[in-house]
Amino acid sequence: MNNLIIFPILIPLITGVVLIFFAKNIMVQRWISAISALIVIIVSFMQANLVYHDGIQTMDVSNWEAPYGITLVSDMLSSLLVLTTSIIAFAALIYSFQSIGEAREKFYYYPVVHFLIVGVNGAFTTGDIFNLFVFFEVMLMSSYVLLVLGGTKIQLRESIKYILVNVISSALFVIAVAYLYSVVGTLNMAHISVRLSEAGNTGIITVLAVLFLIVFGLKGAIFPLYFWLPGSYYAPPAPVMALFGALLTKVGVYSITRTFTLFFYHDVGYTHQLLQILAILTIISGVIGALAFTDIKKIVIYNIIVAVGVILFGVSVLTPESLTGAVFYLIHDMNIKAALFLLIGIIIAITGTSDLNKISGLINRYPGLGWTFFIAGLALAGIPPLSGFAGKMMIVRAGFETENYIGAFVVLMSSLLVLYSIMRIFIGGFWGTPRAYKNEDKAPVKWLLIAPAVLTAFAVLYGLGTEAVYPVISAAAETLANPEIYIHAVLKE
Amino acid sequence: MKTNDIILQTVTKFTLFVIILFSIHLFFAGHYHPGGGFIGGLMTSGAIVLLLLAFDIKTVKTILPVDYIKLVAIGLLFAIGTGTGALFFDLPFLTHAFTYVDLPLLGKTSLHTAVLFDTGVFLVVIGVTMTIIQTIGESE
Chain A
1 MNNLIIFPIL IPLITGVVLI FFAKNIMVQR WISAISALIV IIVSFMQANL VYHDGIQTMD
61 VSNWEAPYGI TLVSDMLSSL LVLTTSIIAF AALIYSFQSI GEAREKFYYY PVVHFLIVGV
121 NGAFTTGDIF NLFVFFEVML MSSYVLLVLG GTKIQLRESI KYILVNVISS ALFVIAVAYL
181 YSVVGTLNMA HISVRLSEAG NTGIITVLAV LFLIVFGLKG AIFPLYFWLP GSYYAPPAPV
241 MALFGALLTK VGVYSITRTF TLFFYHDVGY THQLLQILAI LTIISGVIGA LAFTDIKKIV
301 IYNIIVAVGV ILFGVSVLTP ESLTGAVFYL IHDMNIKAAL FLLIGIIIAI TGTSDLNKIS
361 GLINRYPGLG WTFFIAGLAL AGIPPLSGFA GKMMIVRAGF ETENYIGAFV VLMSSLLVLY
421 SIMRIFIGGF WGTPRAYKNE DKAPVKWLLI APAVLTAFAV LYGLGTEAVY PVISAAAETL
481 ANPEIYIHAV LKE
Chain B
1 MKTNDIILQT VTKFTLFVII LFSIHLFFAG HYHPGGGFIG GLMTSGAIVL LLLAFDIKTV
61 KTILPVDYIK LVAIGLLFAI GTGTGALFFD LPFLTHAFTY VDLPLLGKTS LHTAVLFDTG
121 VFLVVIGVTM TIIQTIGESE
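Quick note, the sequences are listed as chains A and B, same order. For the first sequence, counting from 1, position 303 maps to 303 in full-length UniProt numbering; every step adds exactly one. For the second sequence, counting from 1, position 6 maps to 6 in full-length UniProt numbering; every step adds exactly one.
Please keep in mind that the hints were generated in silico from the structure rather than gathered at the bench. Note that the Cβ used here is the ideal one computed from N, Cα and C, for glycine as well. Check before you lean on any hint, since a few could be wrong.
Cβ-Cβ distance ranges computed for the label pairs, FRET-style [what the hints assert, rightly or not]:
hint, chain 1, residue 1, chain 2, residue 2, range
1, A, Trp447, B, Lys13, 53 to 61 Å
2, B, Leu42, A, Leu156, 38 to 46 Å
3, A, Tyr179, B, His112, 34 to 42 Å
4, B, Asp67, A, Asn364, 48 to 56 Å
So that you can see chain B by itself, here it is in the shape it has in the complex (with noise of 0.2 Å):
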């Protein structure tokens, strides 16, 4: 039976873009404040379902074209690379580094090596998330 998801649907359009953008911030607001690349992530996959139950697996796969298990792979090197990164300056491995720098517009920022890892952390969650929720989905 085909279900008319109108409501659905149109809410979703509009409120996918609000809980992404939402979820980039909780991203960026990490280091200092609640939030970080794992409850990003989740978010970020929870728009994706949103928009899933809103439409189909078909419709979502044209929309958005991702291999999650690939996306998994490059999350890992990100944050794996980041780690490695303190070798080569002869520190132990997974040291960070920060610095502030005057950017326009935002003025006085921290730049840390640790939102590279973060970002890893991202793609990792969306990335397992999808899989699990995917093959679970697919079998329907």
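Isolated chain A, as found in the complex (with noise of 0.2 Å):
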């Protein structure tokens, strides 16, 4: 038994109860967020830390004993996601203060944001499939709240389509969960994953793995169940862009790595194959996306899915070398995603439009901005010394190893073409002669770039200190590559 599992989902739940109280007072909740923040990245550290040296941490809530109750389990996968949800959390936060406006300030935008990492916290702790669902909802109501505030037509009208979506998928979910539920008689997942060893091979449990697939599929934006997102994603302001990219559809690709590898090893032929021909699909159809569009906003948010179809390309090798690079690469992910979605804030911020073709010279009057960018978009790349190399290296060469040739192929070829989309915003927009644009000097950007420019900082570090980082997340992978680990840690068998 362990409390301290609990806090990272406890400290954000009471923060965003208590700032309901203080709606008005602008100073206020903006001071209590980020204290709250700041607890957060501490507690969750100490967390992975403790996980790293005496192994999985477990509770069982309201000391029900596993697996008749709810048990939160956080192990080093889980409790690193966690930590770098609750950085990227404060980071946005802190960018929100200068950029949300006051109008979001007062209608509840801080508490919404807890309740948010609530959810996102909440679903990558829990060790309880119908809980996991529960989290999700936790999320997603939030994210509705996040993507309607402020009510401009464009919201509105991707509102519709995000809840439709989601409201969709969620039901799906549910059905998914009580069939499984029917096939094994338990929700505990550790439980379900012993329970399906013992059922062997049967035609259902594959059913159920396409069944999860889809649901999680949904959320996490593979091929083809994607066409939501760059709609969506694109209506909110910078830092709810940055939270979602970074967040939403990770928790996504956690649930489908978590249940791809504790409950459905068994028919890898089949169930391996198909997320493996997603997600190569999912990396190319990302790939065209960010080519095919001017729009940096839109740009940046294909560049989500192909990073999707990367990670999951990595989990459905399924050898211990793929799933660290996996691991690696999800991590790298969020923090780049996040830097680059504030990055962009600025500029739009500074400009007034997303048109890439209405965008120039920004070099001039901004090189802090501008070469925070470049290295941001080197590091999304993969290029080495920076963030994303190491996890991409891993992925290929267990692809490589493994005789999946295209597959690794296609991921090869796609950092060269994120590089070239990105480069493109740098060079279209930072180079060139400079133009004047209307309210440049209103835009904050020295306040603003503090956020963005630590999360590059981050990717520069957790690139150079690869050797250093190597053992822990290689910890992450042990588990992900045999089960047992975290089905003894739970059932203490």
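Hints are included, so try docking the two chains, each in its own frame, into the full complex.
Given below as structure tokens:
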């Protein structure tokens, strides 16, 4: 039993509730938000440290023993993702102070952001499949509010689409969980894994795997279920976009990773082959999107889809090395996507447009912004020694070793095209003749640059310190590769 | 057009208290019998909606000057507080405790921390229901 595990969920929850009382007092809201987010970072760092030294931590909520009650499980992967989430949340909050606008701040923006963090951290931590659904809902409810808050025309239009897609996929989620429950008779994830192994390989389990792939694929934006994403993520302001792009799809990716390594690893020939084909198609369609648009928001949004494909390709190969690469890349991608969205948020704040054709020469007045963007772009594409490199290299190498040549080749080519798509923004937006923009002087660029600069610095450190973080990441992948470790920690058999 | 609601208004004045008393009864029955915070809260908000139907939003606001969004927050604090209490005794989050106490008039009664949690649920349900209904009703 370890109560530390609940704090990354509990602290944002209490903060969100307390902030409702201070809805009209913006300064109090900002201070409480920032302090709480900082405490969550510290707590989740302690938790990750504990997991690294003492192994998987569990907590049976309400003192009902597993598998009868809900168990929270923090293995290395969960605790690392929770830590990354809290850092990104802190950065997005700091960024919001000067950019989100008073109207939104007074209309429960900060409480809802904290509730979103509750949902994301909860989804990463829970060890119960129905509880996972509940935390998905907490996260989605908050994301509905964040998407519609402000009420501009495009936000309202995209909210309807987004809510419709997610309500349907949530319904499908409950159906899938009910189906799974009727087969195995338990909801505890470790227990499900045990029961599925006992049941042997039957057709029903494969059907379940595909059902879960559809459900999580809708949230995680894999081919062909990503259709809603480019439109919906386009609508909200930059910090919300950063939270969505960095966290929400990754929860779907995490869930696929968890279920496909813990539950459905028996009929690998079918399920993981399917996952692999979809992952490759996801990469290809994401790259096409990233190259096709001249809108900077759209370019970065399509890069989310590319990354989802790369991570899931690593998961589908299912060797220890490819899983290490996938975990490495997952954390890198959360961090760098948040940084990029915040950076293009600054560009939009300066120029008032996201159309690349109307922007040029920014580097003359904003060298700091330009070079931060340059480094973030290189890190995204995976140029060594920055953070994208190690993860991608491990995924590609594992791909070649297991003779998945097409997939490994596509991942390699995608890096090149991702680099091109990001450098297009850099060359088009920062080089060339400077232009004058309306409202240019109103943008608090120096303040806004703090959060993405810190995140980019993390990307650099994460890349340079690959050797140092490698043991932590491979510990996370080891649990994924050997489900027995997870099962043993939860059921204590 | 102003309708004459005299019958509805008179009946409401009497039944309101019956409904609220019954909802409180349901709320306390909740632990061992059918009932609880959710259903009790729904019934209480049912009573307030009846009040809204018989009179109008302004009158009800003067009778019950409550900010329902804050009510949700207070309810959540109750529920989270109950769960967090367990942490101080080094028990897992949300662990409950109960004991039997001899109270005057009531006799041997079981006191359970789940009631505190349920109070939170009760307040959240009233808060959410009334916020939704007021938001829909306000546009008229």
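Hints, one by one, checked against the model:
1. Trp447/A / Lys13/B: 53 to 61 Å: holds, 58 Å
2. Leu42/B / Leu156/A: 38 to 46 Å: violated, 30 Å
3. Tyr179/A / His112/B: 34 to 42 Å: holds, 36 Å
4. Asp67/B / Asn364/A: 48 to 56 Å: Between Asp67/B and Asn364/A, where Cβ atoms are some 51 Å apart, the hint holds.
Violation of the numbered hints given earlier is confined to hint 2; every other hint is satisfied by the structure.
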